[in-house]
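Line order of the protein sequences matches chains L and F. Going by the numbering used here, the first sequence wraps up at 307, each residue one higher than the last. Going by the numbering used here, the second sequence wraps up at 1308, each residue one higher than the last.
Please keep in mind that the hints were generated in silico from the structure rather than gathered at the bench. Among the clues, some could well be false.
[What the hints assert, rightly or not] Here are some, though not all, of the chain F residues that point toward chain L, as calculated from beta-carbon distances under 7 Å:
#: 1; residue: Pro1153
#: 2; residue: Phe1156
#: 3; residue: Ile1179
#: 4; residue: Val1201
#: 5; residue: Ala1203
#: 6; residue: Ile1207
#: 7; residue: Val1209
#: 8; residue: Ile1240
#: 9; residue: Met1270
#: 10; residue: Leu1289
[As the list claims (entries may be wrong)] Residues of chain F clear of chain L, computed beta-carbon distances all greater than 10 Å:
#: 11; residue: Ala1054
#: 12; residue: Val1157
#: 13; residue: Ser1243
Virtual Cβ for every residue (Gly too), placed ideally from N, Cα, C.
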Amino acid sequence: MLSYITRRLAIAIPTLLILVVFSYLIMYAAPGGPFDMERTLPPEVMANLNAKYGLDQPLIVQMWNYVYNVVVHFDFGPSFMYKDQTVNDIIAQGFPVTLTYGFWSFVVAVVVGMSLGITAAIYHNSWLDYLAVGISIGAQVLPNFVMAPILVLVFTLWLGWLPGGGWQGGQWEYIIMPVIALSTSFMASIARLTRSSMLEVLNANYIRTARAKGLPMRRVIFRHALKPALLPVVSYLGPAFVAMITGSVVVDMYFSTGGIGVFFVNSALNRDYSVIMGITILTGALTILFNLAVDIIYAWIDPKIRY
Amino acid sequence: MILSRKTAKDLETAQIGAEIEGRSLWADARIRFFRNRAAVGGMVILILVGLFAAFGQYIAPWSNEEVDWAVLGNVDTMGRPSIASGHYFGTDELGRDLFARTIQGTQISLMVGLIGALIAVFVGTIYGATAGYYGGRVDNVMMRIVDVLLAIPYMFVLILLLVVFGRSVLMLFVGIGLISWLDMARIARGQTLSIKNKEFVEAAHAIGVRPGTIIRRHIVPNLLGVVIVYATLLVPSMIIYESFISFLGLGVQEPATSWGALISEGAKQMQYGTLWMLLFPLFFFVITLFAFFFVGDGLRDALDPKDR
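Using the sequences plus the hints, can you model the full thing?
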């Protein structure tokens, strides 16, 4: 087990470094610097600015400094756009918000998705099954950027139940719509996955054996069927996490929740490279860590995996 | 197995008649596909959407760039969908005809989806087949690269690329092409591993066919079934990626448009009661995705009967 984790780490760390170097190179290759404004600055001012942000040094030195600061001090440097804020400030401001609704979306997607899938599999070919399958097929074509306007249309404009945006320190009525918008399509995928693997497991011989020796259905499902049936679902959690982080950009833009996505898109539109890079690297690191955790959990619950 | 009376009769007449016509595996698959009602329905919808994208501009009374000055300023009353004014889907907030804009958006969205899937088919299949066929260290290195690329949050990198090299449709294609082939490569590799030990590959190897030719002539054609199924399922996800980026305003730029951009515009205008701006593009987006998923599922059932 330990050697497996070590081996996985040996892949994860270079991946992260490649991501950092790659995004730095793209940023360096970008035409136009962060201080190219409509009014050209005097050359002395330009030189001073470049010196202050260390942009006058050779590429390799700049890159080393950047990587060193990120890895050792966890410092992503200053923002080029908001002069009084560092990238760390921006992340500290937006990240807790993203994390809050991201966490709840994840919980909702997993709990609802699995329950739907399991119910559908147990009551295979009944109206419950068709209902669950119908919901999950419908939800599949409703990605977050489609769900968000529909939700606002129904719950804010027509029914007037929920506020159309804002965060207000995370009160529940501000969290509901972002969570629904973000979790719908993953809930659908998880439900489909759970259903098909649960069906497969329920037809296996050892389940019939368990039933034949007189165990009640509930016990068979929860003790014998659930664990092997959830394996494919566990391996889907990694990609789901990535997509959820990505989806948070839409949620932040549309519901003005003030999460990290707003800063990402605004700095993308304003060419504020240090913020874009900081957020890209942070999400990359989170993704890689999460995938690692999922792989370890998978290896732990699946006895068939050799590591 | 008990034959029904009709089948038995059919068999009799078939044997009395001329030679039984042989059916290839593809013909079998076609029959299975056309028996699947959802898949056929999906295909009909796709054909209709395709026709709409290809020929819609010839029946649109307004062009996509023309501004209807009579409407501008009070779009919420004058810009409603109506047959009389020629704006079948209404107008957008600038008084441009939404019917023509939707056609334009459909063209771009479909193109992004198809090109992304095509790149995935070409690059992914060849990459995966090569890795799988050679095996050993080559396979290890090639698949590690795929693993590393898959672990990167591509959407952020894609946005980074779009920002740095300018937001254009071409860059969008490049960016989407860069990521779309990864899963395909994995699938193709897995299939190759099971094919490469079959006798016909061994035979080809024995008579001295070069590896490149074996991959091209013997492996890739046998991958096609799986590749086609996955490509059909890839098109909608490419469309979703593109729409996602365009929704954020980082993808296709004005005056060009796509479903994502149209949905985004419609969503911004929603509170003024001009719902048609949201609902028409949304309708096309949703039915097309539905259709692709159904066709993909149908193809999977048709080409891979053991999976049912």
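Ascending list of hint numbers which this structure does not respect: Per hint list: 3, 4, 5, 6, 7, 12 and 13 violated.
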